[in-house]
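*Asks:* With the hints as a guide, dock the two chains, each given alone in a separate frame, to form the complex.
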Amino acid sequence: MTNPVFDRIKQDLNENDVVLYMKGTPMFPQCGFSAAVVQVLSDLGVKFKGIDILVDPSLREAVKQYTNWPTLPQLYVKGEFVGGCDIVREMAASGELKQLLDGKGVAHA
Amino acid sequence: MAMEANEIEALIKAGLPDAVVVIEDLRGDGDHYSALVVSEAFRGKSRVQQHQIVYAALQGKMGGDLHALALQTTTPENAPDFAKG
Chain A
1 MTNPVFDRIK
11 QDLNENDVVL
21 YMKGTPMFPQ
31 CGFSAAVVQV
41 LSDLGVKFKG
51 IDILVDPSLR
61 EAVKQYTNWP
71 TLPQLYVKGE
81 FVGGCDIVRE
91 MAASGELKQL
101 LDGKGVAHA
Chain B
1 MAMEANEIEA
11 LIKAGLPDAV
21 VVIEDLRGDG
31 DHYSALVVSE
41 AFRGKSRVQQ
51 HQIVYAALQG
61 KMGGDLHALA
71 LQTTTPENAP
81 DFAKG
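Heads up: the sequence lines are chains A and B, in that order. First residue of the first sequence: 1, per the numbering used here; consecutive thereafter. First residue of the second sequence: 1, per the numbering used here; consecutive thereafter.
Next up, chain B with everything else stripped away, as it sits in the complex (with noise of 0.2 Å):
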């Protein structure tokens, strides 16, 4: 089972409704994606707890029907131009 990267993207804001959300497929196979997010939840928190933060938006398919997700989070301010909201 695979993901498009819409789903992904509606179930990131799903659960984080600031979060801009900018995914690559990385194999065009559907389970190999990069993800940025960007969201004021972040703030403060360590890296792990603002993977944390979006592996429960996505509700338990990370790692199962999501093979590969390479993250990168951060805040606004520091978010790239590409990625501002």
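If we strip away everything but chain A, and leave its shape as in the complex, we get (with noise of 0.2 Å):
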């Protein structure tokens, strides 16, 4: 039976291009790794739908159940999962991220 909150996971995937399920708000994260990635984000002019996990555990669980990735912040483009804080980093270091918005057709700076 699958956890009944993918439906919602999923809702928030199809209606936004970038989503980063994080701890706290893009305006106040309350951890340093879900801050980085904001500023990474911000930093490439991305328009982005960042999601509070803390405000609600079921969903925190299962978005650690629905791509098998046991930590937050967790990055979404077009529906796929890129990665936590340490990867988004390395790719936005590499230019590997800009390729990837480039790519999938959405608009940064």
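These aren't lab readings, by the way, just hints derived from the structure by calculation. A few of these clues could be false.
To be verified - Here are the simulated BS3-like cross-link-like pairs (lysine-lysine), alpha carbons at most 30 Å apart as the crow flies:
1. Lys45/B - Lys78/A
2. Lys45/B - Lys23/A
3. Lys23/A - Lys47/A
4. Lys104/A - Lys23/A
5. Lys49/A - Lys23/A
6. Lys104/A - Lys61/B
7. Lys45/B - Lys10/A
8. Lys49/A - Lys61/B
9. Lys64/A - Lys45/B
10. Lys78/A - Lys98/A
11. Lys98/A - Lys13/B
12. Lys104/A - Lys49/A
13. Lys61/B - Lys64/A
14. Lys13/B - Lys45/B
Predicted model only: the values in this text are computed from it and were never measured.
*Replies:* Printed below as a string of structure tokens:
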């Protein structure tokens, strides 16, 4: 029986090109790793939806099951899981993140 | 609950017998580490898949006992000199 919260996650991912499940909000991140990814996205000038999992424990666990990834933040582009803080920073530094966004037709600065 | 660096290293090596593992305790609180893991098992895998291999070796401790692990994974030929097997 799949997790009922998965439907909500799928809806988030369908309705938004770039989704960041994070601790806190883009304006007030509650964790250094979440803040780091918000910074990467802001530097790239990418519009994204930040979803605060701290306000919803069931979402927090469901997101980890959804992609078999044990930590947060988690970044998704066009419904595809990109990675957590380490991977996003690595990809931003190497230029791969910009390539991914271009490849998926997601606008950025 | 926290973890010791050698515990983390032992778990990773149990899951990846060929791995070279370099761990750094970022804050001295047993909860924030960085780890470089070098293994043949990563060849041809995406970054996400490589990290999932390490998380599997950590047997569910990642995100639980172990709050933060800044992870870097690579194959032997790309390993920095200090991590050559």
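*Asks:* Are the Cα positions of Lys64/A and Lys45/B separated by 30 Å at most?
*Replies:* Holds, at about 20 Å.
*Asks:* Take the C-alpha atoms of Lys98/A and Lys13/B, compute the straight-line distance between them, and say whether it is at most 30 Å.
*Replies:* Violated, at roughly 34 Å.
*Asks:* Within a Cα-Cα threshold of 30 Å, do Lys23/A and Lys47/A meet the stated pairing?
*Replies:* Status holds; Cα separation ~18 Å.
*Asks:* What's the verdict on Lys104/A and Lys23/A, does the C-alpha distance respect the 30 Å limit or exceed it?
*Replies:* holds, 26 Å
*Asks:* Lys45/B and Lys23/A were given as a pair; does the straight-line alpha-carbon distance stay at or below 30 Å?
*Replies:* holds, 28 Å
*Asks:* Given the hint that Lys45/B pairs with Lys78/A, test it: the Cα-Cα distance must not exceed 30 Å.
*Replies:* Holds. Lys45/B to Lys78/A sits at ~21 Å (cutoff 30 Å).
*Asks:* Given the hinted pair Lys49/A and Lys23/A, is their alpha-carbon gap at most 30 Å?
*Replies:* It holds: about 13 Å lies between the C-alpha atoms, which stays within 30 Å.
*Asks:* Given the hinted pair Lys45/B and Lys10/A, is their Cα-Cα distance within 30 Å?
*Replies:* holds, 25 Å
*Asks:* Quick one, are Lys78/A and Lys98/A close enough, alpha carbons at most 30 Å?
*Replies:* holds, 14 Å
*Asks:* When you check the alpha-carbon spacing of Lys49/A and Lys61/B, does it fall within 30 Å?
*Replies:* holds, 29 Å
*Asks:* Is Lys13/B within 30 Å of Lys45/B, Cα to Cα?
*Replies:* Given pair Lys13/B, Lys45/B holds - Cα atoms ~18 Å apart, limit 30 Å.
*Asks:* Holds or violated: Lys61/B and Lys64/A, Cα atoms, limit 30 Å.
*Replies:* holds, 13 Å
When the structure is compared with the earlier hints, violations turn up for hints 6, 11 and for no others.
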